[in-house]
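Engineer: Given the coordinates of chain G, work out where chain X should sit on it, guided by the hints.
Chains as they are written, first to last, in the numbering used here: chain G, 1 to 184; chain X, 185 to 411.
Quick caveat, the hints were computed from the structure, so don't treat them as lab data.
The reader is advised that the hints may include incorrect statements.
Derived list of chain G stretches under chain X, where covered just means 3 residues or more per stretch with a C-beta under 8 angstroms from a C-beta of chain X [said to hold, decoys possible]: (1) 55 to 65; (2) 73 to 80; (3) 156 to 170.
Quick list of in silico lysine to aspartate or glutamate cross-link-like pairs, DMTMM-like style, CA-CA up to 25 angstroms [unchecked claim]: (4) G:81 to G:44; (5) G:154 to G:54; (6) X:347 to X:324; (7) G:41 to G:152; (8) G:55 to X:324; (9) G:133 to X:324; (10) X:347 to G:140; (11) G:154 to X:324; (12) G:81 to G:152; (13) X:347 to X:265; (14) X:347 to G:157; (15) G:41 to G:54; (16) G:81 to G:67; (17) X:379 to X:298; (18) G:81 to G:157; (19) G:81 to G:110; (20) G:55 to X:284.
Here a beta-carbon is modelled for each residue, glycine too, at the ideal position from N, C-alpha and C.
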Amino acid sequence: MKAKWRIVLILVILLGSLLILSSGTSIPAQAYEIRNLSWIKIPDYSSPDLFPIEKTIQEIMTRTQNEVADTPQNPQCLLLKWSDYIRYINTGMILPDRQLDDLIYLVTVDVIRRPWEAPSRSLGGLINPEAAKNDPALVERFTSHQDFYIFDAKTGEALGFGSTPYVMILPAFFSCPSETSSKP
Amino acid sequence: MRIHLKKVLKVLLFILLILIILPSVIFAANNFNYFGKGYIYWNTTKHWIGGAAIFANPNPDYVVQSQAANHTLWVNTNNTDTSWNEVGYSKGWYLNGRWDTTVRTLYYAWCYPDGTYYEYRSSYPVGSPGATHSYKIVYEYGAWRIYIDNTYQGGSTQPLYAKYIQVGLESFYHGNSCRVVYSSGLQVNEDGVWKGWSGNLSSIYQSPGYHFSWVTPLYSSNDWNEY
Chain G
1 MKAKWRIVLI LVILLGSLLI LSSGTSIPAQ AYEIRNLSWI KIPDYSSPDL
51 FPIEKTIQEI MTRTQNEVAD TPQNPQCLLL KWSDYIRYIN TGMILPDRQL
101 DDLIYLVTVD VIRRPWEAPS RSLGGLINPE AAKNDPALVE RFTSHQDFYI
151 FDAKTGEALG FGSTPYVMIL PAFFSCPSET SSKP
Chain X
185 MRIHLKKVLK VLLFILLILI ILPSVIFAAN NFNYFGKGYI YWNTTKHWIG
235 GAAIFANPNP DYVVQSQAAN HTLWVNTNNT DTSWNEVGYS KGWYLNGRWD
285 TTVRTLYYAW CYPDGTYYEY RSSYPVGSPG ATHSYKIVYE YGAWRIYIDN
335 TYQGGSTQPL YAKYIQVGLE SFYHGNSCRV VYSSGLQVNE DGVWKGWSGN
385 LSSIYQSPGY HFSWVTPLYS SNDWNEY
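Next comes chain G alone, as it looks inside the complex (with noise of 0.2 angstroms):
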């Protein structure tokens, strides 16, 4: 009897450990605002000549979900150009070194990353990610609740990345694969 309650004992412990570990940490998420851009009107740019972008989609997800302990979810993506980028989603950016008129993808993730959870992106070279952890207020400034993507449309190269404290929510682009890319 006094073994039996031990292996009780001992798979709530196991059973608790998992829960923690799967949290990947037991600092709660913080509160985040929701940007809601589906009101943005932007002209219908496909063309059969495109990239297809679904494959590299669903290898975005998969990829994030190796690298965070949150789950990915709600994949969006956008046909657009340089110029209505620049208008509507990096608003603070001046012309890039790229034609304006180019078209590009704007893939975007739902996913919460902490510091110690971007490991492909710089945090400006002051911020040590392992004392950011230690850090309440650098956890909540790094703390990220969005990944986005830049591709160009045309060849399927990668031209940018990064994520965002907020979540963007995009216009509809029917070119998504539906099971990629649940909309609002």
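Structural biologist: What follows is chain X alone, placed relative to chain G:
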């Protein structure tokens, strides 16, 4: 029966230890970035509006085992260390939708005060190993503008001023064997005047295994990872 229970307990304890220790080891090995870099900063506000450096592409080119490694100029904004612009050389980038550690590219990026981070691949030719590029970030016409070899790349509207200007190696995987890279021509722009780093507060930051050293103090330097 008692022997079996003990065995079961031992196995469960072993599994528990593995489940706790292994993720920690993997996490520690993979999920931090590492620096060998030098920087200047001020304690009493200075009107720094730009930074510049010349970097040689890694030569011979090295192998990035995981993630990326970059040699970068950072110019912070908004009088803080938490927002910035950056430009440099990167080994590692997306190719055909997947992260490819063999890709060599120049890039530029910034992080806004709200925490939004944007990184872009430059269309400027990266050049061969050993080729040098001049990198410059300067506040002009109401925005921070980024240049490679005096060719405009992009820029962001962020508040003045730069409190920190940094150069050096950043790696996202400790085992990336980044050999020595030489940087020179370190400059700061104060109130529209370019001048050397000398005379300002300076420091070096090195993660274990990563190095930064001055060749000519506050003018030229080396950075590398010994692994």
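Engineer: If a hint holds in the structure, say so; if it doesn't, say that too.
Structural biologist: Going through the hints against the structure:
Given as covered by chain X, the stretch 55 to 65 of chain G passes the check, having 5 residues with a CB less than 8 angstroms from a CB of that chain where 3 are the minimum. Counting residues of the stretch 73 to 80 of chain G whose beta carbon lies closer than 8 angstroms to any beta carbon of chain X gives 0, which falls short of the minimum of three for the stated coverage. Check result for the stretch 156 to 170 of chain G against chain X: holds, 11 residues qualifying (beta carbon to beta carbon below 8 angstroms, three or more required). A hinted pair counts as satisfied when its Cα atoms are at most 25 angstroms apart, and residue 81 of chain G with residue 44 of chain G qualifies at roughly 11 angstroms.
The hinted pair formed by residue 154 of chain G and residue 54 of chain G meets the criterion: a straight-line CA distance of about 14 angstroms does not exceed 25 angstroms. For the proposed pair residue 347 of chain X and residue 324 of chain X, the alpha carbon gap of about 17 angstroms is at most 25 angstroms, so the pair holds. With a C-alpha separation of about 20 angstroms, the suggested pair residue 41 of chain G and residue 152 of chain G falls inside the 25 angstroms cut-off, and the hint holds. A threshold of 25 angstroms between alpha carbons decides the hint, and for residue 55 of chain G with residue 324 of chain X the separation of about 41 angstroms lies outside it, so the pair is violated.
For the hint pairing residue 133 of chain G with residue 324 of chain X, the CA-to-CA distance comes to about 36 angstroms; that exceeds 25 angstroms, so the pair is violated. Among the hinted pairs, residue 347 of chain X with residue 140 of chain G is consistent with the structure: their alpha-carbon atoms are about 22 angstroms apart, no more than 25 angstroms. A distance of roughly 33 angstroms separates the Cα atoms of residue 154 of chain G and residue 324 of chain X; the hinted pair therefore is violated under the 25 angstroms criterion. Between residue 81 of chain G and residue 152 of chain G the CA atoms are separated by roughly 10 angstroms; this keeps the pair inside 25 angstroms, and the hint holds.
For the given pair, residue 347 of chain X sits about 7 angstroms from residue 265 of chain X by alpha-carbon distance, which is consistent with the 25 angstroms threshold. Of the pairs offered as hints, the one joining residue 347 of chain X and residue 157 of chain G is violated, with about 35 angstroms between alpha carbons and a cut-off of 25 angstroms exceeded. Our distance criterion of 25 angstroms between C-alpha atoms is met by residue 41 of chain G and residue 54 of chain G, whose separation comes to about 22 angstroms. Using a Cα cut-off of 25 angstroms, the hinted pair residue 81 of chain G and residue 67 of chain G is violated, with the two alpha carbons roughly 30 angstroms apart.
Only pairs whose Cα atoms come within 25 angstroms are accepted, and residue 379 of chain X paired with residue 298 of chain X is rejected, the gap being roughly 31 angstroms. Proposed proximity of residue 81 of chain G and residue 157 of chain G is supported: the alpha carbons are some 15 angstroms apart, at most 25 angstroms. The hinted pair formed by residue 81 of chain G and residue 110 of chain G meets the criterion: a straight-line CA distance of about 22 angstroms does not exceed 25 angstroms. Using a Cα cut-off of 25 angstroms, the hinted pair residue 55 of chain G and residue 284 of chain X holds, with the two alpha carbons roughly 16 angstroms apart.
Figure legend: structure checked against the earlier numbered hints; hints not met, in rising order: 2, 8, 9, 11, 14, 16 and 17.
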